[in-house]
Each structure stands twice: as C-alpha cells, then as structure tokens.
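Q: Let chain A serve as the given structure and place chain B on it in line with the hints.
Next come the chains, spelled out residue by residue.
There are 2 protein chains.
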Amino acid sequence: MQPFDLKKYLTERKEWVETALEQYFPPSSRLEKRVVEAARYSLFAGGKRLRPILCLAAAEAVSGTRQCAASAEMLGSSFQAVMPVACAMEMIHTYSLIHDDLPAMDNDDFRRGRPTNHKVYGEAVAILAGDALLTEAFGILARLRTNGMFPAERILRVVDIIAEAAGARGMIGGQTVDLESENREVDMDTVVYMHRCKTGALITASLEAGAVLVGGEEDRVADLTRYGHHLGMAFQITDDLLDVEGDARLMGKNPGSDAAKNKKTYPALLGIEASRESAKHHVEEALRTLSRFDASAEPLRAVAKHLLVRKG
Amino acid sequence: MQPFDLKKYLTERKEWVETALEQYFPPSSRLEKRVVEAARYSLFAGGKRLRPILCLAAAEAVSGTRQCAASAEMLGSSFQAVMPVACAMEMIHTYSLIHDDLPAMDNDDFRRGRPTNHKVYGEAVAILAGDALLTEAFGILARLRTNGMFPAERILRVVDIIAEAAGARGMIGGQTVDLESENREVDMDTVVYMHRCKTGALITASLEAGAVLVGGEEDRVADLTRYGHHLGMAFQITDDLLDVEGDARLMGKNPGSDAAKNKKTYPALLGIEASRESAKHHVEEALRTLSRFDASAEPLRAVAKHLLVRKG
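The listed protein sequences correspond, in order, to chains A and B.
Going by the numbering used here, the final residue of the first sequence carries number 312, and the count climbs one at a time with no gaps.
Going by the numbering used here, the final residue of the second sequence carries number 1312, and the count climbs one at a time with no gaps.
You can take every hint at face value.
As a list, the in silico EDC-like pairs of lysine to aspartate or glutamate whose alpha-carbon atoms are at most 20 Å apart:
#	chain 1	residue 1	chain 2	residue 2
1	A	Lys261	B	Glu1123
2	B	Lys1305	B	Asp1239
3	A	Lys261	A	Glu245
4	B	Lys1033	A	Glu180
5	A	Lys119	B	Glu1123
6	A	Lys305	A	Glu245
7	B	Lys1033	A	Glu182
8	A	Lys33	B	Asp1187
9	A	Lys305	A	Glu12
10	A	Lys33	B	Asp1189
11	B	Lys1119	A	Glu123
12	A	Lys33	B	Glu1180
13	A	Lys119	B	Glu1180
14	B	Lys1033	A	Glu185
15	A	Lys7	A	Glu298
16	B	Lys1263	A	Glu123
17	A	Lys263	B	Glu1123
18	B	Lys1033	A	Glu164
19	A	Lys33	B	Glu1185
20	A	Lys33	B	Glu1182
21	B	Lys1261	A	Glu123
22	B	Lys1119	A	Glu180
23	B	Lys1033	A	Asp187
24	B	Lys1033	A	Asp189
25	B	Lys1261	B	Glu1182
26	A	Lys33	B	Glu1164
Computed footprint of chain B on chain A, listed as stretches where at least three residues anywhere in the stretch have a Cβ under 8 Å from a Cβ of chain B:
#	segment
27	31 to 40
28	141 to 149
29	170 to 182
In case anyone wonders, no lab produced these hints; they're calculated from the structure.
Ideal Cβ positions, reconstructed from N, Cα and C, are used throughout, including at glycine.
In isolation and in its complexed conformation, chain A is listed as follows:
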C-alpha cells in the first residue's frame, strides 16, 4: 500500500471546500453589499480549512471507505452532501476570528499576513460580518433538509452539537476565559479549560457533526469525539509552541505575540519541554481512539501525527 500523502490530501480538500464556500455569500449588489464583502474578505483569506476537512474526514471514517476521487464531484453523493456542514464550520471559525481580532478583544491588525477585517471595513461592519457568518452557518444547516439526503432529526442533532460547541459553554466561553486571564495569574486547570473550549470545542464538533450526519454508529461517533478532543488540545499546544519557536513567514504572524499580550499558554505555564510532551501525549491518545477504524481513518491519523512536526 502506498503511504498516505497528507500534503496532497489537504491541498485537494482545501480546494474543494473553497469551491463550495463560494456559493454562500455570493458578491451582492444589494444595499447591504458591504457586509457581504467583509464576510467574503475573511472567508477567503487563505485559511487551512482544517475544521471542514476534519468534518468531511469524519464522515468518510464512519462510512468505512475512504473516498478516492479526483474531484469533489466524483465523490459519493452522501459525502458531497456533508459539504454544507463543513462550510458552516468554517464560517463559524471565521466569525470567531473576526470578532477575536477586534480592538476590544485581541486587537490584532494582521491575520494570515493580511490586515484584519476591522482594519479594512471598520469595526462596525466587522462585527456585523461576524454576526452574518454565524447566522448563515445555521441557515445552511437548516437548508440541508431540502436535499432529502439526511433525516431531519439527524440534521437537528447536528445543529445542536454545533450550537453547543460554539456557544457560552464552548468556544465563546473559552474566549471569555482567555480575555479574563490576561494580566492575571491563572492555574493550569484554567489553561486546559480555555484551550478545550476555545479551540477544542469547534474542532470536536466538526468531527462529531460529520460523523453524525452520515449516520455513523454511536460508538464510532464517540470515538471521533474523543479524537477531536485530543486533536484540539494537541493543535492548541503546538500553536502555542509555534508562537514561541515558529517562523514568521510560515505562520503569517509574528512569533512572540502571545507573550507580548501576556496570553496564558502551555509553554508559559509548563515550559517548552513539558508542552512538547503534552502535545505528544494528546496525539498518541488521538491515534488510540482511532484503533477500531480501518484505512478510511488514515487521513485523521495523518493529521494528528502531522501536528508534532508542524511549522505553520
């Protein structure tokens, strides 16, 4: 068997996701076109599309066969039908970045090497663009009912999973704790809580949503949810490490920005070595949760392993 080519896989999937994203928020000629333009600016700002890719990969993993196709169109219709959920996850991620970058929050002027949304469109439109992306994500999920591919009951469960992960007990809660932890001593439990909510919740929800939507068996869904938790932790810890050790060119932002803002990170609390160990532990745990999956979970295994050697 050929070794799994992660780079090719990620590049391909990223393109498919971006093609699919194009159909939402089409350029508008209506009076409110500016908010649509602002939403598009951040939606097409060159993200890795990690969450949608994980959502699609989870759907494949529980379906038992990896989709080997040269284009999104050649994929099975059930797999294609997961794409709107993948897009919704990317919209929620994008909205969270726009709001996080605002002057009142992290006050970032650049993201991925480009001016942040409010630097281009002003704060008011940036806030509204974030709101619009979040709202449209749920609209997309609701419209999933019209293609007849999935039972409405199952779609509602996906809405529930995503709302929970994105809400006050998930991502928004994590961001709140993050803000309040600046310039204050916090313990390791708080940092873990923050990471789990702020980054982990949406990553986990991407996997769970993809698996649930295509009708994955409950124990497999539970496996992928656990995988998501460990992947999310490993992702955030390696993100923290990159901020200490990374290459500005590959990261699209300057290293050291967490420390400059007195952000509470793993390296800041545990030191670099212990943080690396912790990331390794979470990657191992993530891989262990996939032990009952066949080759269809190979992309998920490769994504987890890759975190330990990531450069950006």
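A: Leaving out everything else, chain B in the frame of chain A:
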C-alpha cells in the same frame, strides 16, 4: 362579548415569557460566568417581549382558538411547546440590541433607562454576550426536537426562517444600511428597505415561525407573514415618531436621539404628518390580512391598532 383587554394580555404574556427565559442562561458558576451574567443583564432588562408575544399569538391564531388560561402551565401543550421559539426570538432581538449599542455602532450609553451592556461589562464581553445569545437561540431550536411535539422537518423550516430573517439579507443587512446611511443623503426606498430589514424581518419571522411550528395551513402562514411585514413597518414608523414627539419617561431614552445621530427616519424624510399617515396605512393593511381569521387573532388585531396610540 367582552372587549379584548390588550394591556392585561400583554402583561400576562410578558410574565410567561420572562419565566420561560429564566431557564436559559441560568446563572453560571463556571469560569465563563461573566459572559453569562452579561447575557442575562440584557435579557432581563425589561423589554416589552413583543417578538415572543407575537410568536405565541401567531401559533394561537392558526390553531383557531385563543388560549384562555390563567397561567402558562394551563395552556395547551402544543402552545406551551412554542415557548422555546418565542424565547429564541427574544434572544436574537437582545443580541442585536447589545451589538447595536456598541461604541463602533450606535454608541449608546443607555437603553431602557439602564446603562448598556458594554458600559457595565466592557466591549469585549458585550460582543461575546451578543454572540452567545445568538448561538443559544439556535441551540434552543435544535433541542425542540427532543420533546417530540413537532416534526423535525418543521423545526428545521423554523430555523431556516429565523436564520434568513436575522442574517445578511435581513436584520444584519438592515443594520448595515442604517450605519452607512448616517451622514449621507438617502432616498425613501433606502429608508423603507432599512426598516423592512432591520425591524420588520425579525417581527415577521416571529409570526411566521410560530405559525409554521404548530402546523398552520400555508395560506394562513402567508397571511401572518404579510401581517408581520405591515406591523413591522408601522412599529418602526411609530418608533421614529416617538423619537420626535415622545415622552422620555415612557420611552426609557431621550427623544431626539435619532436626529442627533442624523439617523434616517420616516419623519426626517416625509415629515410628521405623512409619517402618521403611512403608519395608519400599514396598520390598516395589517388588519386586512387578518380578515380570514376568527377571534383567535384578536390579540394580533389589538396589537396592530395599539401602535397608532402608543406612547412608549
């Protein structure tokens, strides 16, 4: 037949809605408790609860019998089951107020006689509290599936209606146009568009959602949607008029604030007399759309008529 007592009806329903709202965002002892506190601050800031009351009233109107009950518990179970949607509408309305009041938007320090959310909790938490309210609204809709009262398909249609009304083609679009119209000449079409989106969309969605959820016949749903459109216009025009002529004590804000901000209002473009005529026209049209409804639509009729004599 006794004349319909609107004041009693609104007071009673307001209490039921507020009791129901209490179960969402319960005071939290978790790390993110501050965002929950901020969400609660605005959610329980003494609104009229117009949107949830309209949502419930629409459900009653299509069900054909007005619920005569001394308490929410004594209502029919189908009617009670609409309450979560009513609460979701109020959360979306509340989130929009929090974000609209931000310094980058309308920069209001007071609302309903109390300091605005960001004046109490800071801008960052205010933004997040708004985000959390919007997200929870969709979570509530998703969880409606668990009580088994309504087909999942129908709940998804409600999610769709609400996401469309709250999104870039609805409320957010209206707010964008409103912001961009400040300090700029705009024509009447723009003001109508702005009002229809900013206020009308969510009011209309409240009615449509309530009617759809309980399985109202399509032509009745369409009637109530048209009623919502006219009510929304009449509501916004009379709101504009109050800002010119109103009593600060009854309004909870100072009259003249629209003019001070150079907001584009009906009176500013049409003059007071023509604005009053327009409000009257929309109330008459709203009443006309209810012509096929029996006494079960009496609250909706009374609400529309009341707009012409409102004082706050």
